[in-house]
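Protein chains: 2
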Amino acid sequence: MKQILLSHGGGGEETQKLIKELFFKYFSNPILEKMEDAAVLETGSKLAFTTDSFTVSPIFFKGGDIGKLAVAGTVNDLSMMGAKPLYMSCSFIIEEGLPFEDLEKIVSSMAEETKKSGVQIVTGDTKVVPKGSADKIFINTTGIGEIVYEGISAHNVRERDVILVSGTIGDHGACIMAQREGIELEGNIASDCASLWSLVKDLINAEILIKAMRDPTRGGLSAVLNEWAEQSNIGIEIEEEKIPLKDEVQGMCELLGLDPFSLANEGKLILAVPEEDAEKALEIMKSNELGKDAQIIGKAISDYRGKVILKSPYGSKRILEPPAGELLPRIC
Amino acid sequence: MKQILLSHGGGGEETQKLIKELFFKYFSNPILEKMEDAAVLETGSKLAFTTDSFTVSPIFFKGGDIGKLAVAGTVNDLSMMGAKPLYMSCSFIIEEGLPFEDLEKIVSSMAEETKKSGVQIVTGDTKVVPKGSADKIFINTTGIGEIVYEGISAHNVRERDVILVSGTIGDHGACIMAQREGIELEGNIASDCASLWSLVKDLINAEILIKAMRDPTRGGLSAVLNEWAEQSNIGIEIEEEKIPLKDEVQGMCELLGLDPFSLANEGKLILAVPEEDAEKALEIMKSNELGKDAQIIGKAISDYRGKVILKSPYGSKRILEPPAGELLPRIC
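Chains as they are written, first to last, in UniProt numbering: chain A, 1 to 332; chain B, 1 to 332.
Since the hints were derived computationally from the structure, they do not count as laboratory data. Just so you know, these numbers come straight off a predicted model, no measurement behind them. Check before you lean on any hint, since a few could be wrong.
[To be verified] DSS-like cross-link-like pairs, simulated, lysine-lysine; straight-line CA separation at most 30 Å: (1) B:20 x A:131; (2) A:17 x B:131; (3) B:286 x B:311.
The shape of chain A in the complex, shown without the other chains:
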């Protein structure tokens, strides 16, 4: 009997397959099939609409908690569409027996995080299920934003476009793994969990031409770049040593045999801009706290169409495969 596996929820190839072969089969419509971070709705003004369920374990982690993550995650999906976050729904599935204090910490952290982007939580739902029917708490947030910048798309990357990343890669995934495995590392890996709207707003206000933009959550940098390479039918060449990576994260990845480029981020964005806008975009990002470690990491090329190439400092090249198989479950 065919069963749902953890890999179906990992955000990698199997998830894509499930979406295309099951959900599109039944729910098919042109808005859904765009497969961007949020649906684009035309209802008077142009709106972006996006949903995410958060099941992260542990629910409290260094740098955040499930509540902060639930707000930032949905704010980021809207931001990546060039949409100013306006409204959010919030739905809790809570396991009976959760300490009230934990719920209050989560709710207060959500409220705090909404202030970063100005999004308002305007409707909600609460379900409590018996012990053992859920693990502590799951949160769904669904957001509506007003599209203030149009034309961002994974299909838009062209030869010579420059690829930037807003900061160090893999922090969220490494933090969750470290806490789960009980690993204490020097330097203390913390989640990068953050609402990216202010950074996106800065780029828009500076009139940077944003061709593609995505927050590398499940599947990490590798998933985003591979999606762009495929959907834009272009090669993407990345200089490996330019990718910002914390020593502690690299150390933990070596220890556990993980690929940092596939690890989830929750407060970073990947950007593709025309060559002539690259330096200015870098400067804008660096002047915002959320982008202080930003780097230009590579460019789009006409060779290797549909592929992502990692170039080592010594000139050797390897293909960065899209993440597949059992990615970390309950990372977000």
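Chain B: place on chain A using the hints.
The following block gives chain B in isolation, referenced to the frame of chain A:
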């Protein structure tokens, strides 16, 4: 230590308390605090926005399944606000090992149910959690609708307004209980799970003045009428024998000691209209399959403000208390 209890998710008094004392405390804003079935957004056109997470167990039941319920439930919340359902997000939390066939049945049933109202599923999310971290499948649907009829509110009920119900009461709750307890009754109790938009549309098109309208889900008829009595500061007098109730549902309630007026419905609406519109509203409802068993069940009165009074055929009166305590968990 104060813990979250099943009653916090039951839709009764404790849920109200949690919402007001915790969620409003942190998320406070005028849109949220309206506490209607959906938030009202002004973004060009006037939109309704609503969210619900579905955790029903069993996931397949007579008359529907968790997928049909997830679509109908959110369509109904929009419809109750006079909003034409337009767009829906759909987010799955799936327990590893769920048979793929079950997921496909659920997804196909969702697609089927969207046709009843014309709502489109335009964005989604899938998380898979390890065995034991969730029970089979939870679905969140969040809907956006265009408000085509304004002014419906739980605050609007006035003396002499007439209260109608669109059909038999308690079917969904009784069906879920019967299946959970393994009770086989003659007559086969089935869930009333249905999308009510077409019925609401008929009422709007017939120019019925809709003062209050609500679908009596968790907490049933009793929760809705008590909310109206309180929020409109009016008495509501119901003639008990006029409330449509299936013999099988009544039998099961007697057997298990349940109150049918507190049982969940998923395809019924309660309506308050001015006296002069009552007969026409009844006729409109009866001419739609979804309202064929509709009845006028009572009226708003100036005595007993804030209370719901049940009148027996023999003239005796009792107060219908709002549901409280541990309502059935995982009913929707």
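Status of each hint after checking the structure:
Note on residue 20 of chain B and residue 131 of chain A: the hinted pairing holds, with a Cα-Cα distance of about 24 Å set against a maximum of 30 Å. With a C-alpha separation of about 22 Å, the suggested pair residue 17 of chain A and residue 131 of chain B falls inside the 30 Å cut-off, and the hint holds. At roughly 24 Å between alpha-carbon atoms, residue 286 of chain B and residue 311 of chain B fall within 30 Å of each other, so this suggested pair holds.
The structure meets every hint from the earlier list without exception.
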